[in-house]
Amino acid sequence: MNAYTRRAARTGPQRQRGASTLIIVLLLLLVAAMIGLASLRGTLMEENMSASVRDRSLAFQAAEAALREGELLAATKPALPASGCAKGLCAKPDPAAAPVWDDASVWNDAPQAVVTLGGQTARPRYIVELLASNVPPRSSCTTSNVIGESSCSGTESRYRITALSQAEGRAEVMLQSVYAVP
Numbered sequence: 001m002n003a004y005t006r007r008a009a010r011t012g013p014q015r016q017r018g019a020s021t022l023i024i025v026l027l028l029l030l031v032a033a034m035i036g037l038a039s040l041r042g043t044l045m046e047e048n049m050s051a052s053v054r055d056r057s058l059a060f061q062a063a064e065a066a067l068r069e070g071e072l073l074a075a076t077k078p079a080l081p082a083s084g085c086a087k088g089l090c091a092k093p094d095p096a097a098a099p100v101w102d103d104a105s106v107w108n109d110a111p112q113a114v115v116t117l118g119g120q121t122a123r124p125r126y127i128v129e130l131l132a133s134n135v136p137p138r139s140s141c142t143t144s145n146v147i148g149e150s151s152c153s154g155t156e157s158r159y160r161i162t163a164l165s166q167a168e169g170r171a172e173v174m175l176q177s178v179y180a181v182p
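Residue 1 is where the sequence shown starts when you use UniProt numbering, and the numbers rise one by one after that.
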């Protein structure tokens, strides 16, 4: 054997075996990188979801605080406008009209509640609508054995309180309650 054939015999199969090992190792590294990226993406998705849940929870708590402020205002039996809304106080709603809380202009001059939650300050708004006045109270009514016959003492007013917590790029929560005032 001459020097050329010895060198070719030595480098041929060994060189191919090294190249195939390199390809296998590169494929394994690629698979490991893909698994790492998928895991990182899942972790980031879970972090975003937990931040969204926290944000919605804070917005809900802020709206609930505004709802309570609206109920305190309704308890004073405020003077309401004859029609429409003014400064968050609204007359009896027209059943044929769209709900007042769908009108963005109503929220512009609605009162704000200032709520500090989790180190953040929220400014939810609320509106108070008179639903009915001179309604017999449920708590002081006595029923008789005759269907539909009852006797009640006194009357009460019923208000719908709507609270809205919203901020730019944050969760938006709207809550409503019906509040009875004797």
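Hints listed in this document are in silico derivations from the structure and should not be mistaken for laboratory results. Just to be clear, a hint being listed does not mean it is correct.
To be verified - Label-pair restraints from in silico Cβ distances:
#	residue 1	residue 2	range
1	LYS92	GLN112	21 to 31 Å
2	ALA32	VAL178	56 to 66 Å
3	LEU44	ALA167	15 to 25 Å
4	THR76	ALA104	39 to 49 Å
Cβ coordinates follow ideal geometry from the N, Cα and C atoms, glycine included.
Verification of the supplied hints:
no.: 1; hint: LYS92 - GLN112: 21 to 31 Å; in the structure: holds, 24 Å
no.: 2; hint: ALA32 - VAL178: 56 to 66 Å; in the structure: holds, 60 Å
no.: 3; hint: LEU44 - ALA167: 15 to 25 Å; in the structure: holds, 23 Å
no.: 4; hint: THR76 - ALA104: 39 to 49 Å; in the structure: violated, 27 Å
Checked against the numbered hints above, the structure violates only hint 4.
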